[in-house]
Amino acid sequence: GTNSLLFAVGHVGDMPAPKPPEDILPGPKGTRNPLVIVGAGITGAVLCCGFLAFKSGNTNMSQQMMRARILAQGATVALMVGSSGALVLPTFLGGEVTTPGSDSA
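Its first residue numbered 1, the sequence shown is counted upward by one per residue in our numbering.
Just so you know, the hints here were simulated from the structure itself, not pulled from any lab data. This one's a predicted model, so the numbers in the text were calculated from it and none came from an experiment. Cβ coordinates follow ideal geometry from the N, Cα and C atoms, glycine included. Any given hint might turn out to be false.
[Claimed, not checked] With beta-carbon atoms standing in for the labels, derived distance ranges:
{"id": "1", "residue 1": "Ile37", "residue 2": "Arg67", "range": "17 to 25 Å"}
{"id": "2", "residue 1": "Met61", "residue 2": "Pro34", "range": "26 to 34 Å"}
{"id": "3", "residue 1": "Arg32", "residue 2": "Leu71", "range": "19 to 27 Å"}
{"id": "4", "residue 1": "Ala40", "residue 2": "Gln63", "range": "19 to 27 Å"}
{"id": "5", "residue 1": "Ser84", "residue 2": "Leu52", "range": "31 to 39 Å"}
{"id": "6", "residue 1": "Thr59", "residue 2": "Ala86", "range": "34 to 42 Å"}
{"id": "7", "residue 1": "Arg32", "residue 2": "Asn60", "range": "34 to 42 Å"}
{"id": "8", "residue 1": "Pro34", "residue 2": "Gly57", "range": "32 to 40 Å"}
All chains should be modelled from the sequences, with the hints used to inform the complete structure.
Here it is, written out as structure tokens:
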């Protein structure tokens, strides 16, 4: 009856949460490319400058900033793709991926 339902609910609350398998949620591997972070910062700065120019009524400067944002964003995406490709390519060629700080000996 009601006592067994309360016991089951209380028992479920006391159980530890299951840990996810490693292959579904792998841990962070390698290091982040600092140029991607710089590119994202430049993209954000150019975007803010473009918004400020638009707000002040300088449409020509706003248009130039939006074009510069597209270039900065494209360069950042290219860096991200290049960085991920540099990490994945050795596995397709049959080698092992070595990350800074790992013992390869």
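Quick rundown of the hints versus the structure:
no. : hint                      : verdict
1   : Ile37 x Arg67: 17 to 25 Å : 23 Å, holds
2   : Met61 x Pro34: 26 to 34 Å : 30 Å, holds
3   : Arg32 x Leu71: 19 to 27 Å : 22 Å, holds
4   : Ala40 x Gln63: 19 to 27 Å : 22 Å, holds
5   : Ser84 x Leu52: 31 to 39 Å : 33 Å, holds
6   : Thr59 x Ala86: 34 to 42 Å : 41 Å, holds
7   : Arg32 x Asn60: 34 to 42 Å : 37 Å, holds
8   : Pro34 x Gly57: 32 to 40 Å : 37 Å, holds
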